[in-house]
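J.: Protein chains in written order, with the numbering used here: chain A, 1 to 395; chain B, 1 to 348.
What the hints contain is simulated information worked out from the structure, not anything from laboratory work.
Among the hints, erroneous ones may be present.
[As the list claims (entries may be wrong)] Output of the computed footprint for chain A on chain B, the stretches with three or more beta carbons under 8 Å from beta carbons of chain A:
1) 23-35
2) 136-147
3) 313-327
4) 334-341
[Stated by the list, open to error] Straight-line distance between alpha carbons at most 27 Å, and here's what the computed DSS-like set of lysine-lysine pairs gives:
5) A:K222 to B:K68
6) B:K40 to B:K83
7) A:K355 to A:K319
8) A:K201 to A:K112
9) B:K40 to A:K208
10) B:K40 to B:K72
Note that beta-carbon positions come from the ideal geometry of N, C-alpha and C, so glycine has one too.
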Amino acid sequence: MIETKTLPTQYVSRPGALSTSSGKTLRTDEMIINMGPQHPSTHGVLRLEIVVDGEIIVDVIPHIGYLHRCFEKHAEHMTNYQQVIPYCDRLDYCAAINEEHSYVLAVERLLKIEVPERVEYIRVIMAELQRIASHLIAVGTFGIDAGAFTPFLYAFHDRELILDLFEMTCGARLLYNYFWIGGLSHDIPPQFIEKTKAFCKYFPARIKEFNDLLTYNEIFVKRTANVGVLPKDVALNYACSGPMLRGSGVNWDLRRDDPYSVYHKLEWEPQLGKGEMGTVGDVWDRHIVRMREMEVSVRIIEQALSALPEGNVQAAIPKRIRPDAGEIYARTETPRGELGFYVVSDGSGTPFRVKGRAPAFVNLSALPAISRGAMIADLVLIAGSVDIVLGQVDR
Amino acid sequence: MEAFQDLGFWGTLLVTVILSALPLVFILLYAFVTLYMEMKVAAHVQDRLAYMRTGWHGILQPVADILKLLQKEDIIPVVADRKLFILAPYIVFMGTYGGFAAIPFTSVFIGANIDLGAFFIVAISSLVVVGILMAGWASNNKWSIFGAVRSVAQMVSYEIPTALAILIGVMITGSLNLQEVTKFQVGGIQDWVVFGGPLPLVQKLLIIPFTITTFVILIIASLAEVNRTPFDLPEAESELVQGFFTEYSGMRWALFYVAEYANMFLVSAVAVAFFLGGWGSPFGEFLSGPVWGFFWFVLKGMALVFLQIWLRWTLPRLRVDQLMYTSWKVLVPFLFVCIFAIGIILVL
Chain A
1 MIETKTLPTQ YVSRPGALST SSGKTLRTDE MIINMGPQHP STHGVLRLEI
51 VVDGEIIVDV IPHIGYLHRC FEKHAEHMTN YQQVIPYCDR LDYCAAINEE
101 HSYVLAVERL LKIEVPERVE YIRVIMAELQ RIASHLIAVG TFGIDAGAFT
151 PFLYAFHDRE LILDLFEMTC GARLLYNYFW IGGLSHDIPP QFIEKTKAFC
201 KYFPARIKEF NDLLTYNEIF VKRTANVGVL PKDVALNYAC SGPMLRGSGV
251 NWDLRRDDPY SVYHKLEWEP QLGKGEMGTV GDVWDRHIVR MREMEVSVRI
301 IEQALSALPE GNVQAAIPKR IRPDAGEIYA RTETPRGELG FYVVSDGSGT
351 PFRVKGRAPA FVNLSALPAI SRGAMIADLV LIAGSVDIVL GQVDR
Chain B
1 MEAFQDLGFW GTLLVTVILS ALPLVFILLY AFVTLYMEMK VAAHVQDRLA
51 YMRTGWHGIL QPVADILKLL QKEDIIPVVA DRKLFILAPY IVFMGTYGGF
101 AAIPFTSVFI GANIDLGAFF IVAISSLVVV GILMAGWASN NKWSIFGAVR
151 SVAQMVSYEI PTALAILIGV MITGSLNLQE VTKFQVGGIQ DWVVFGGPLP
201 LVQKLLIIPF TITTFVILII ASLAEVNRTP FDLPEAESEL VQGFFTEYSG
251 MRWALFYVAE YANMFLVSAV AVAFFLGGWG SPFGEFLSGP VWGFFWFVLK
301 GMALVFLQIW LRWTLPRLRV DQLMYTSWKV LVPFLFVCIF AIGIILVL
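Starting from the given sequences, assemble the full structure and let the hints guide the process.
T.: See below:
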């Protein structure tokens, strides 16, 4: 059941692997095609080496590294701990706030400082807004993968509203550098609460519209149900996380199981794939988990907004951050799954080592296991449902 | 065209050339309009505006697009099969354009008034398949060959339901000549074949469910014939880059595009001629005549083209096996039932 053999870096053709239909003269063979790095649906610069028998996929070998930017080495050569934060933004440019959150959390735990409660609430609001924005990209581009272009623009329209909220708060629309060690770069502006409440009121109706247009569309369901099934045990063995893991029915969400910020004070439930349209862990399940997580995020934001305390947005931290020698692993639930930063300090002003555990990279490793035997059109959908961001995969 | 019988060889040739060029003029004008319509419909479906700068509401944008395409570099890949690569778009366009010969645009104009009109259209539009396979093969690109093979499988499969649906039209109207077929249903909207045709009332009431089913199937099958969503597998962008015309650029690419658009109108025109009364006015004698006939024909055709565009920007795409399933296990059996039932009703 569980694939343990290591993948070859180059596929070796096996003559006679496919049955020949009429004896000697007609030779059938597998064909190797190269999908990406410049392909419309590889979501960035992923290169997939696909071995196909007609339309059926025999093997898939992902080749990564086209967007490698030496993040971990850069982190060791900054002047101080704060300068790493903008680099974290650039890991997963679709969910920059969540990346910052993990890193900031790691450094704060290393420094053993407490941040004001207002900061924690604002961080939760921002992280959940970012989660919605990121899931909107995921489900929108997933629609394109399935051949429907219109849902993509609907998703981007709503994402734009969230980006406006971010812009209002910290001036940036994509890479925010908003979470600082011990606090935030700015307090939220006065109109923010009102506008976010308006968004929370408006957005659930849009989710319903999106579901009507795409999620429950007969053709879409036929395309996605029972495709790319990732069973529970395989998901656990590949250490998948996020919607990919929950889509397979594993009840695991770091916001609840390894609480950080103020998630434990709010009422919400992780969403799981139930196999409503086909098998548990199919592509449709991963899609619906994302759709429902957006609804959950709206509920979290509403609660956090009403519980938002007054106060300072910056804890008292030393001007020069010099954690005691030691190491820490802090993780948060990003839209793609468990993002952890392992930070080692040698007592100096710069991190000795920063290691990122990228969920997109780990989730991508399960792609070959669930794509074999599918069709090319399915592979596109499976890759889309993994929801990779190559900036995070390659770091 | 009986009026042009005694013009001698050169006269006949000249008349023939002019008459066969008329649909070309129509296709080019129609391509402009549809290009604009496609973009505007897409934009409004997607909650945006599309072109707004080039002229009033961007009305000149198609002109700009064509001018851009004319200036583009004509790239032929080094490894491509040069002759086939150059020839393919013309074959595709020929197959489509040939079909326009038997289309009755109005009561006084039909390119070639042949008695086997419907048969001719079904036959000549199969030529498109050859062109597409040629384009895919000659491009020497794996994605192109995928697109071409998919396209051939798809178009060959969907010619069966199309032909069967047309056959039902022939059974009811009793003619293969599209001009005759249209004349059969000029009495207004109640005489259209989709609503049972001008049959006695009891027969008409019995036949209506079957004709409507047939019409819907014809529309579905024609979507597949012209490679439009949800059957746009041959050029599925998210899977096959651009399918069989991945390697094409400039005017050669534009020719494929015009052929696709022309094909959209061709299948709509066949559906209109057989099921929606062709050039006949929906109000019987009111607003009829050759000029109004042309207006009604184009209007009905464009309504179906609009339907195709609308569906394209709404629906996802099917998978290859589901495509074949739809054709062979859903559409064809339904049509057999329709043929059987309509045959019995007509004999009654």
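J.: Now, for every hint given, state plainly whether the structure supports it.
T.: Status of each hint after checking the structure:
{"no.": "1", "hint": "23-35", "verdict": "violated (count 0)"}
{"no.": "2", "hint": "136-147", "verdict": "holds (count 3)"}
{"no.": "3", "hint": "313-327", "verdict": "holds (count 10)"}
{"no.": "4", "hint": "334-341", "verdict": "violated (count 0)"}
{"no.": "5", "hint": "A:K222 to B:K68", "verdict": "violated (40 Å)"}
{"no.": "6", "hint": "B:K40 to B:K83", "verdict": "violated (37 Å)"}
{"no.": "7", "hint": "A:K355 to A:K319", "verdict": "holds (25 Å)"}
{"no.": "8", "hint": "A:K201 to A:K112", "verdict": "violated (38 Å)"}
{"no.": "9", "hint": "B:K40 to A:K208", "verdict": "holds (25 Å)"}
{"no.": "10", "hint": "B:K40 to B:K72", "verdict": "holds (24 Å)"}
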